Amino acid sequence: MSGFKYAAPAQFYPLAGKMALWFGVSAAVLAVIGLVIGLYIAPIDVTQKDSYRIIFIHVPAAWMSMFLYVVMAFWGAIALGMNTRLSAMMAQSIAPTGALMTAIALWTGALWGKPTWGTYWAWDARMTSELILLFLYLGIIALRNAIDDPRRADKACSVLALVGVVNVPIIYMSVNWWNTLHQGATIKAGNSSIDDIMLAGLLFMVFAFWFYSVAVTLVRLRTIMLEREVGAAWVARLPEVKEER
Amino acid sequence: MGEFFAMGGYAFFVWMAYGMAALLIVLEIVAVCAHRKRALHLVRHSDVHGSGTVNAGAQLKEAE
Numbered sequence: 002m003s004g005f006k007y008a009a010p011a012q013f014y015p016l017a018g019k020m021a022l023w024f025g026v027s028a029a030v031l032a033v034i035g036l037v038i039g040l041y042i043a044p045i046d047v048t049q050k051d052s053y054r055i056i057f058i059h060v061p062a063a064w065m066s067m068f069l070y071v072v073m074a075f076w077g078a079i080a081l082g083m084n085t086r087l088s089a090m091m092a093q094s095i096a097p098t099g100a101l102m103t104a105i106a107l108w109t110g111a112l113w114g115k116p117t118w119g120t121y122w123a124w125d126a127r128m129t130s131e132l133i134l135l136f137l138y139l140g141i142i143a144l145r146n147a148i149d150d151p152r153r154a155d156k157a158c159s160v161l162a163l164v165g166v167v168n169v170p171i172i173y174m175s176v177n178w179w180n181t182l183h184q185g186a187t188i189k190a191g192n193s194s195i196d197d198i199m200l201a202g203l204l205f206m207v208f209a210f211w212f213y214s215v216a217v218t219l220v221r222l223r224t225i226m227l228e229r230e231v232g233a234a235w236v237a238r239l240p241e242v243k244e245e246r
Numbered sequence: 069m070g071e072f073f074a075m076g077g078y079a080f081f082v083w084m085a086y087g088m089a090a091l092l093i094v095l096e097i098v099a100v101c102a103h104r105k106r107a108l109h110l111v112r113h114s115d116v117h118g119s120g121t122v123n124a125g126a127q128l129k130e131a132e
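Residue numbers (the working numbering), protein chains in the order written: chain A, 2 to 246; chain B, 69 to 132.
The reader is advised that the hints may include incorrect statements.
A short, non-exhaustive set of chain A residues, derived as facing chain B with CB atoms under 8 Å [claimed, not checked]:
no. : residue
1   : Lys19
2   : Ile55
3   : Ile58
4   : Val60
5   : Thr98
Hints in this document: simulated from the structure, not taken from any laboratory. If you're wondering where the values come from, they're calculated on a predicted model, not measured in any experiment. Virtual Cβ for every residue (Gly too), placed ideally from N, Cα, C.
Extracted from the complex, chain B is given alone in its bound form (with noise of 0.2 Å):
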């Protein structure tokens, strides 16, 4: 176990190389499953339901 951790001496650039992709991946997902819950929340509590979708832009930043 501990051999496979070393990398043959390349520990250092093997595990940073996927421990950053690795990170960089789980922010990304993290911060998808936020904007989502922001935009439903958004949704849920915008009180412009069933009035068209003519000036859905404005009605946005009226909401934010």
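Looking at chain A on its own, in the form it has when it is part of the complex (with noise of 0.2 Å):
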């Protein structure tokens, strides 16, 4: 039973580290080609002028800060069912990179807001349910932080991630339900209200921003994973642990 649960994370461990390297240099490159296009390359657009900029990485962020919160529920949904550390260890993983994404797309979004509403901020569907994404994120790490048992905090976690999971429909069902100030979806499969040049540079952001994502939690993942298997054999026989000793 122990070998099986063990051996786990520590073949994943390397893997995670060749992926995040992967993930990550295939970000920036990403990143580059699309803020050249974005900030450079596309025209400006004809009613926000050069406001509209503010798309390239207020779309992504807005898209990963939901994304990353139904896969954090996920990962948590599987700690609970199969209770298996891995799983919860990922969710674990997940929750700081969702807050940051929640972060960057309400503050590009209060400034995308002003030039185009006059307004920085509105108790409007979208922004508000937006808002309370952030509050989640943050609910959950902080929840984390004040239950000593890693197990313990592992249930608790997974149980507020799958309850909160609800607002995610809500946000991106939003500006359909309720008559907000929030523009509806420019993407639309086959049906994008976009320039072409725009479009690519806003799905090279996408892919930059989903890439990094992926990096950064696989980083912190392995982090995680050195600190809550600290006395197991595998740690011991990393490479990383064994130099400078």
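Put the two chains together into one complex; each comes in its own frame, and the hints tell you how they fit.
In structure tokens:
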């Protein structure tokens, strides 16, 4: 039983390191291309002029804020249902990056709202539900820090993540369900209300944010694995642990 | 070049948005690297190697 249980982190740790490197390098390359297109090559918008260029970080960050939450809740559910340590650690490693993406989405949204709508903030459905998402991420992080036993913290955080997942479809559908100040979806399958070169820049930035999130989450996951498996034989055998001893 | 940075009069909004996003991402990378260094230090200087993982959480707390 225990052999099977601990084999997984030992094998996943080096794989996660390689993946983090490749996702990180890819994210950097994609971000450079996306930024050149978004800030320089893409033409100005007819109505919003250059202020629309905030879209190239606002939309990727907002998408990732929701996507990461669903992934975090998924691993939390697996951790609860199957009592697996690695999936709980995955959920734990996603929360800070999810909070970061949510903060970027809110900040850039405010700076886009001012020139476009004349206000940094409105308590409309899209913005309020996105703010609640930030509070959920921060609540999950704070809850973990408040519980000393990591296994109990896993359970509590997984439950909170699962309860909070109801907020994600509310964010996503808010522009359709309510009459919001926030505009409707720009990118729709086969029918996007956006220029081709703008769409290309946006997609580069979406993948850049996505790959960055994967890379930084995997590095954090490796760190959490080290901390939580500190007595394990596989940790002692790691080359980065052996050196400097 | 000046025209590029002026962003058609929207420089404040565009660069505040991009600047804060860049700052937050750089801070996250720095924090994650520092966290990893701390964890490696902890693992190297804890004398619990090979003693099994039965009580890893408690050992972690003692080491801290």
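To see whether the hints hold, each was checked on the structure:
1. Lys19: For lysine 19 of chain A, the interface hint is violated, since the closest Cβ of chain B sits about 16 Å away, which is over 8 Å.
2. Ile55: holds, 5 Å
3. Ile58: Nearest chain B Cβ about 5 Å off; hint holds.
4. Val60: violated, 12 Å
5. Thr98: holds, 7 Å
The structure fails hints 1 and 4 (numbered hints given earlier, in ascending order).
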